[in-house]
Each structure stands twice: as structure tokens, then as C-alpha cells.
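Asker: Sequence:
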Amino acid sequence: MNLREIATGGDPRKALATKFFQSKQAEAFLSIVAHRERRIMEAVADLQQAVDDDDIEPLKGLPSVDDRVEQIRSMALAMIDDSLPAWYVEEAIDIDNAEEAAQYADLTDEEWQTTKETWADRYREQGVEGGVDELATAHVRTRFDVDDLETFREAVVEWPNERQQAVLEEALAGGLEMAEQGIRDVTDAVDSEDR
Numbered sequence: 009m010n011l012r013e014i015a016t017g018g019d020p021r022k023a024l025a026t027k028f029f030q031s032k033q034a035e036a037f038l039s040i041v042a043h044r045e046r047r048i049m050e051a052v053a054d055l056q057q058a059v060d061d062d063d064i065e066p067l068k069g070l071p072s073v074d075d076r077v078e079q080i081r082s083m084a085l086a087m088i089d090d091s092l093p094a095w096y097v098e099e100a101i102d103i104d105n106a107e108e109a110a111q112y113a114d115l116t117d118e119e120w121q122t123t124k125e126t127w128a129d130r131y132r133e134q135g136v137e138g139g140v141d142e143l144a145t146a147h148v149r150t151r152f153d154v155d156d157l158e159t160f161r162e163a164v165v166e167w168p169n170e171r172q173q174a175v176l177e178e179a180l181a182g183g184l185e186m187a188e189q190g191i192r193d194v195t196d197a198v199d200s201e202d203r
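Sequential numbering from 9 applies to the sequence shown in the numbering used here.
These aren't lab readings, by the way, just hints derived from the structure by calculation.
Since we're looking at a predicted model, the values are computed, not measured.
Built from N, CA and C at the ideal position, the CB exists for glycine as well.
Take these hints with a grain of salt, some might be off.
Now the in silico label distances, taken between C-beta atoms and shown as ranges [said to hold, decoys possible]:
| # | residue 1 | residue 2 | range |
| --- | --- | --- | --- |
| 1 | 104 | 59 | 37 to 47 Å |
| 2 | 72 | 174 | 19 to 29 Å |
| 3 | 21 | 72 | 26 to 36 Å |
| 4 | 65 | 134 | 40 to 50 Å |
| 5 | 107 | 72 | 19 to 29 Å |
| 6 | 111 | 135 | 23 to 33 Å |
| 7 | 37 | 133 | 45 to 55 Å |
| 8 | 181 | 61 | 23 to 33 Å |
| 9 | 134 | 107 | 20 to 30 Å |
| 10 | 141 | 199 | 50 to 60 Å |
| 11 | 59 | 166 | 35 to 45 Å |
| 12 | 28 | 99 | 16 to 26 Å |
Put together the whole structure using the sequences plus the hints.
Answerer: The structure is reproduced here in C-alpha cells:
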């Protein structure tokens, strides 16, 4: 079995999809989408500025076209190889040592319990006393700068299908949703001036 078969689980459809998203054709397709999205967002920002209403929150943090192309491509590749949760932890969550944290993404309940016990055992080996959750909390505070174990579990470990769907929507349509909200804000501002 070669590396591609290992990465795609031997599924020829996954291999084909991976090959497509790494191709020049995908680059062209994604570039068109990213350019159009960027132009829409810039137009909304111009519209917001033209209205000159202090209550309107201007669009901020517009990604470059190249960054957006790479974001969509890397997300698509993560979907193909079933690593979307790890991709999201590395790319979108503000957490210390994100690459390390990503290895804990989408664990089963049993795997999560084993991980907490492993962390606790490491602390006990250093002479620190405490229960599993208490020591695991100390670990996520120290290693990932996360206040508590529950926050870490919700942000990194738990990945039900609904969350994966929401992440996909956010990553794919987030810019358009920002533009849509910007248009609504302008519409509200203009409507309130007419009253």
C-alpha cells in the first residue's frame, strides 16, 4: 500500500478528490470564488463607509485572495482525509500549542478518558497529587492556556456531526455571511434615517 492509499484509506474517490484539490484546475476554480467573494466584501465595506453611520460595524479582517484559496483548499483536503476537527483546531482556534492540541480533536469518550489519565499520571510521576480531572485541568492550563478542562473538551475534543457541519458552513460561507450582515446593517441604518 502506498502513501496515498494510506492517507485516503484506499478509497479511490478520496484519492481522486485529493488529486483535484491539489491541481491547477482547483487553484483556478478556488481563485475565481475567492476573488468574487473578496469583491463582494469590498463593495459592502464601501457601502458601509458611504452611509457614514457610527452604529454600523465596518467589515474587518478581509483575507487576501491567496489566503482564502489556501484556507478553502486545506479545509477541503482535511474533509477528504477525515481530519476536519484537527484542521479546525490548528487553523481557527486561538489556543497555545495548537498543533499539539489538534491531536486530541474528535476523541471518543474512552480515548478522552485515557488521555486525561495519561496527563494525570505524568503529573503524579513528578510528585503532584490530585484527581484525574484536577491534574488534567492543570495540564490544559499549562500546556494550552485554557482555563478549564470542560472548555478544552468543548473546543478541541468534542466533534459531533452538527459541529462539523457548522465549521464547514463557517469556513465556506463566512465571508458571504459577513457581507450579508453588512448589507443588513446598512439597510437598517437607511431605514432608521427615513423614519
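Asker: Does each hint hold? Answer for all of them.
Answerer: Each hint, compared with the structure:
no. : hint                   : verdict
1   : 104 to 59: 37 to 47 Å  : 40 Å, holds
2   : 72 to 174: 19 to 29 Å  : 25 Å, holds
3   : 21 to 72: 26 to 36 Å   : 32 Å, holds
4   : 65 to 134: 40 to 50 Å  : 48 Å, holds
5   : 107 to 72: 19 to 29 Å  : 23 Å, holds
6   : 111 to 135: 23 to 33 Å : 26 Å, holds
7   : 37 to 133: 45 to 55 Å  : 52 Å, holds
8   : 181 to 61: 23 to 33 Å  : 26 Å, holds
9   : 134 to 107: 20 to 30 Å : 24 Å, holds
10  : 141 to 199: 50 to 60 Å : 51 Å, holds
11  : 59 to 166: 35 to 45 Å  : 41 Å, holds
12  : 28 to 99: 16 to 26 Å   : 21 Å, holds
Checked against the numbered hints given earlier, the structure satisfies every one of them.
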